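Chemist: If you want the building blocks of each chain, they are given just below.
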Amino acid sequence: MTAPDLLALESEALSALEAAPDEAAVEQWRVGFLGRKGRLTGVLRGLRDLPDDERGAVGAAANQLKSSLEAALEARLDALRVAGSAAMADDQIDVTLPARPLPRGQLHPITITRRRVERIFRDMGFNVVEGPDVEWDTYNFDRLRIPKDHPARDMWDTIWVDYEDPELDRRMLLRTHTSPMQIRHMETHEPPIRVIVPGTCYRYEATDATHEWMLTQVEGLVIDEGISFAHLKGTLESFVRRFFGQELETRFRCDYFPFVEPGAELAIRWKDQWLELLGSGMVHPEIIEAAGWDPNRYTGFAFGMGIERLAMLRWGIDDIRNFYQNDIRFLSQFRGAASQGAS
Amino acid sequence: MKVPLKWLAEYVDLDQSPQHLAHRLSMAGAEVEEIIQSGAAWENIYVGRVLEVEPHPDADRLRLVTVDIAQDESQRVVCGAPNVAQGQTIAFGTIGAAIRDAYSDAEDGERKLVKLKKAKIRGVESSGMVLSERELGLSDEHEGILVLDDALTPGTPLADALGETVFEITPTPNRPDHMSVLGIAREVAALTGQSVREPAIDYEAPGPDVTTQLAVRIDAPELCPRFVAGIVEGITVQPSPDWMQRSLIAAGQRPINNIVDVTNYVMLEFGQPLHAFDYDSVRGGELIIRLAQPGEKLRLLAGGALDLTDQHLLVADAEGPSSLAGVMGGEASEIKPTTTRVLLEAANWNGAQIRRTQTGLKLRTEAGARFEKSLNPELALFAWQRAMRLLVETGGGQASSGVIDAYPGSGQPPAIHVTRQRVEQILGLDVPVERVRSVLESLGFGARWIPPDKYVVTAPYWRTDVALPDDVIEEVGRIIGYDNLPSSALAGVVPEPEADRLSAVREIVRDVFVAAGGVEVISYVTTNDELLGNAEHSALTASPGLRLANPMNAERPTMRTSLRAGLLEAYAANYRQRNGPLLLFEIGKRFSPQSSDLPLERTDLAAVIGGSSQAGPHEGVAARAIDFFDVKAFAAAVGDALGADLSYAPYADGSGDQDPALISGATARVSHQDHPLGLVGRIDPAIAAEFDITHELYLVELSVERLSSIAPQIDASSPSRYPVVREDFAVVVGLDVSATDVAEVLGSHDLVEQVELFDVYSGDQIPPGKKSLAYAVHYRAPNRTLSDKEIGKLRSGVIKQLERRLNATLRA
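Chains L and E supply the protein sequences, listed in that same order.
Residue 1 is where the first sequence starts when you use the working numbering, and the numbers rise one by one after that.
Residue 1 is where the second sequence starts when you use the working numbering, and the numbers rise one by one after that.
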């Protein structure tokens with residue numbers, strides 16, 4: 001191999017490279033000239049067979065050629081890529097075709113609402129606990145100051161379990177409210193208590209657009225020294241503000257629940273109407289005493305609200321029966337609901 | 001309770017608008033559900049006077065009536081009412097009047113509204129109508145026309161003459177006083193700073209001493225705290241005066257005769273039910289309050305004979321039952337048109353007794369609804385005096401002198417001691433002494449201030465609900481107005497957060513399913529044996545369900561023992577409308593009965609999945625049916641979220657356990673470190689068909705309780721900086737060897753970083769009865785580059801193990 005041979009090889013290689021139409025051809029070219037068995041590689045390997053006086057000059061020229069071919073290779077690849085991108089830019093895909101869908105999951109609106117309520121109360125220092133759906137009437141009624149043969153029992157139409165315990169004079173039922181957990185929680189805890197209890201409740205009640213026999217409630221209970229009606233108001237007003245994400249007018253009116261005194265119902269002004277939102281009141285002193293605490297020292301408040309009602313107000317749902325019909329056309333409307341008002 | 005405002009105005013001045021008053025009452029606890037404007041619908045209806053009544057030329061039963069309604073011409077109409085007569089003041093509907101169609105069916109107590117049109121009746125033109133109570137919507141009375149008070153002026157719109165504004169008030173169970181007009185008047189008085197004008201209760205009593213005519217014996221004093229009685233002789237049974245009838249109609253009571261009307265009127269006025277006997281039908285001049293003897297019978301006023309038991313409390317006479325105490329009178333001693341001597345009773349009954357009787361007999365009366373709320377015995381005498389006065393006023397006759405007043409337990413109610421400090425402790429506001437006293441006194445309480453800190457409070461007799469200091473404090477709070485009380489955020493010690501692993505894991509699992517495309521459903525918790533049999537013989541549950549005594553739906557009397565049936569029903573309801581996959585899941589409780597205790601409530605996750613994978617309309621991408629491995633991915637994703645590699649074993653494990661809802665060959669038991677978690681499997685097409693689902697369907701069922709006991713172990717280290725060496729093994733094993741077994745052998749050395757199955761093959765290339773599993777095995781050391789020699793050693797070790805433990809060979 002001589003210097004003129006190298007010149008010929010260079011011009012052949014460069015014109016071949018120029019003619020390579022795409023990256024695959026360029027790769028083929030690289031293998032042909034610069035690969036392990038490539039022609040320039042062969043020249044470089046053959047150097048040791050050259051006489052000493054020629055070896056230096058040819059070697060230097062061959063190595064220079066290698067560098068220049070490698071540079072030409074990079075340049076050619078760059079040029080091809082630029083041309084390729086330009087070509088792709090002209091080849092427009094229809095971006096309005098539908099996406100190949102990822103499966104779209106969806107939480108139930110009751111879950112979304114329950115979590116929102118839980119989050120708000122957790123932020124206020126409440127624990128979240130749960131209790132049994134199937135209860136004794138002693139917890140559901142008697143110990144909440146709703147004795148047998150008392151007209152207040154009419155406030156909760158009851159679904160009874162076909163079981164009576166004659167020994168302890170108690171009957172099994174599906175809890176009509178989450179309030180029995182007030183008693184159960186007090187049995188195992190000491191003040192300060194700050195707790196909410198979400199759970200399913202059941203009523204023996206004909207269903208219509210605003211009544212469902214299965215419903216989800218959230219009970220609240222706060223007991224400590226120095227708790228007054230002012231805290232009840234402040235806590236629930238703050239809840240309304242946080243839940244609806246805006247300042248709403250609220251008002252409390254006197255109402256009766258046997259396990260609180262004074263009792264109150266909270267209504268909110270929503271779309272120019274006053275709507276009842278929840279029942280509440282100061283924990284009855286006899287209930288605090290029954291828990292073993294001094295009602296002159298400890299006071300508290302309790303409240304109970306319906307998750308369905310909150311969801312209906314927030315999203316304009318006009319019929320409560322939608323919640324448990326499991327119609328995907330209903331359920332899939334709550335897309336994005338978990339992020340609504342999130343911060 | 002319907003409270004007509006005209007009636008209410010007899011006791012208090014009503015200066016405020018009905019809307020404002022209703023608001024004040026509601027805020028203070030007497031909830032006005034509705035403000036009813038009776039007569040609002042009475043367009044084109046006027047007071048008229050009957051000028052002339054002539055026979056109809058062509059119909060014996062019809063008459064031609066000429067009516068003056070103070071218009072230019074008098075009106076002549078056809079009328080079929082038997083009681084129409086010249087000179088009467090009546091309600092007259094002109095053409096266009098909206099009246100109730102007397103012959104339509106009542107819906108929710110209301111008949112259809114129709115517009116009065118011009119009509120020709122038996123050849124005579126009639127352009128208007130003399131109206132009955134039913135046509136006016138006042139009552140169901142349609143025997144004849146409504147005859148009005150002659151003091152009314154013809155031509156006056158009927159709405160002005162007879163219209164009433166009525167509050168429909170829903171009393172809370174603790175406030176029987178809100179079931180009376182006077183009770184509401186007392187609220188209004190307290191809210192507006194007035195005093196109530198008490199109704200007159202005095203009366204002349206020139207008759208004989210009642211104790212010479214009647215004896216009363218109480219055999220059940222704990223059930224009858226008080227019994228007051230007296231007699232009016234020489235009374236005339238007749239229609240009650242117009243003012244009383246109007247008040248009763250406005251309050252929703254049908255007038256009957258003066259005697260019955262007086263008892264109803266006073267019940268609505270005072271809240272104390274009364275009963276009037278025909279004295280001459282009371283045998284032996286004696287009333288005995290006693291429990292019934294089994295076998296005794298009583299014919300009630302409402303008709304029907306009652307078989308009595310020893311649970312029923314009676315007012316009996318010398319010979320037998322006379323009335324069902326506190327609930328309903330008896331037929332034998334009822335007031336008859338010929339009655340001249342009336343025995344008037346005002347008693348107090350034990351509330352629980354009355355409630356048991358009403359519940360047991362499914363018989364609810366206005367009287368019972370009041371007595372069951374435990375009235376104060378003090379009320380009986382005042383109401384009785386009021387009724388004696390009205391009996392004489394409306395029926396003449398002579399009231400007996402004296403009174404029978406059996407009141408064994410009379411006594412003053414104890415005073416309630418309320419401290420000023422407690423008022424502040426509860427309301428969060430130090431209410432000035434004068435304010436507390438004026439509120440309480442306006443409500444009829446006695447309130448004495450004893451410095452430095454105490455009120456001595458006595459509740460008025462009509463307030464049976466006030467017994468404790470906090471009851472008094474509620475009175476102060478509600479009359480001041482809850483909206484005027486302060487509001488403040490919680491302060492003080494925040495209780496320690498309590499860990500609840502179960503609900504935390506439950507919510508994580510929810511999120512995993514949603515992220516993977518699951519749609520959450522919530523089903524009713526009730527089911528039945530057929531559904532249980534079809535779907536619920538789960539590996540997780542094996543007991544019959546808890547039975548309800550009064551299920552909402554008679555076809556669903558059982559609490560669910562798994563979530564399957566509800567999900568399958570939800571799936572069936574949705575799948576026909578849906579292209580692509582349908583992934584429904586639920587997390588909820590199942591209920592397993594236990595002897596003599598509440599049922600075990602366990603939280604499960606269940607998912608029913610089927611359909612096809614998602615594909616867009618794009619070229620070259622095809623949808624395919626969802627199969628076992630798509631569904632298994634959900635279980636694996638739950639495992640990942642909990643940091644656990646779950647294990648899957650063939651369902652048929654030789655234990656003989658069968659799940660009839662599943663195809664056991666396409667079902668895996670899911671476990672974690674030998675703790676069973678649930679299953680993933682294919683639902684038997686026959687079961688799916690029971691739910692009208694006709695395509696391939698899979699079930700995931702996991703116990704959230706068991707998932708919640710998985711504790712992720714995380715021990716982090718820096719990744720090795722040395723190169724990985726990848727080597728592929730095509731392992732030929734028997735068909736009974738599972739992929740997991742092979743992977744376990746391949747991965748048994750410390751230097752193996754990862755084992756990945758990339759191909760499964762059985763066919764011509766390998767011997768029959770065998771399969772080939774191709775794995776990529778990655779070797780890496782934490783602290784050096786592995787040499788060829790080390791790798792060679794590892795390889796031959798693995799091959800030896802494969803041969804020895806699985807009888808495996810490497811594919812040539």
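It is possible that part of the hints are untrue.
Calculated lysine to aspartate or glutamate pairs in the DMTMM-like style (CA-CA distance at most 25 Å, straight line) [stated by the list, open to error]:
| # | chain 1 | residue 1 | chain 2 | residue 2 |
| --- | --- | --- | --- | --- |
| 1 | E | 454 | L | 289 |
| 2 | E | 2 | L | 162 |
| 3 | E | 789 | E | 753 |
| 4 | L | 271 | E | 34 |
| 5 | E | 362 | L | 162 |
| 6 | E | 362 | L | 154 |
| 7 | E | 454 | L | 164 |
| 8 | E | 362 | L | 208 |
| 9 | L | 148 | E | 753 |
Treat the hints as calculated values from the structure; they're not laboratory data.
As the structure is a computational prediction, the values presented were derived from the model and not from experiment.
Chemist: Hint by hint, say whether it matches the structure.
Modeler: Evaluation of the provided hints:
1. For the suggested pair residue 454/E and residue 289/L, the alpha carbons sit about 22 Å apart, so the restraint of at most 25 Å is met.
2. As the CA atoms of residue 2/E and residue 162/L are separated by approximately 39 Å, the hinted pair breaks the 25 Å bound.
3. At roughly 18 Å between alpha-carbon atoms, residue 789/E and residue 753/E fall within 25 Å of each other, so this suggested pair holds.
4. A C-alpha spacing of about 20 Å is found between residue 271/L and residue 34/E, which places the hinted pair at or below 25 Å, so the restraint holds.
5. A C-alpha spacing of about 21 Å is found between residue 362/E and residue 162/L, which places the hinted pair at or below 25 Å, so the restraint holds.
6. As the CA atoms of residue 362/E and residue 154/L are separated by approximately 14 Å, the hinted pair is consistent with the 25 Å bound.
7. With a C-alpha separation of about 47 Å, the suggested pairing of residue 454/E with residue 164/L is violated against the 25 Å cut-off.
8. Proximity of residue 362/E to residue 208/L is assessed by CA-CA distance (about 24 Å); at most 25 Å being required, the pair is judged to hold.
9. Of the supplied pair hints, the one linking residue 148/L and residue 753/E is violated, its CA atoms being roughly 68 Å apart against a limit of 25 Å.
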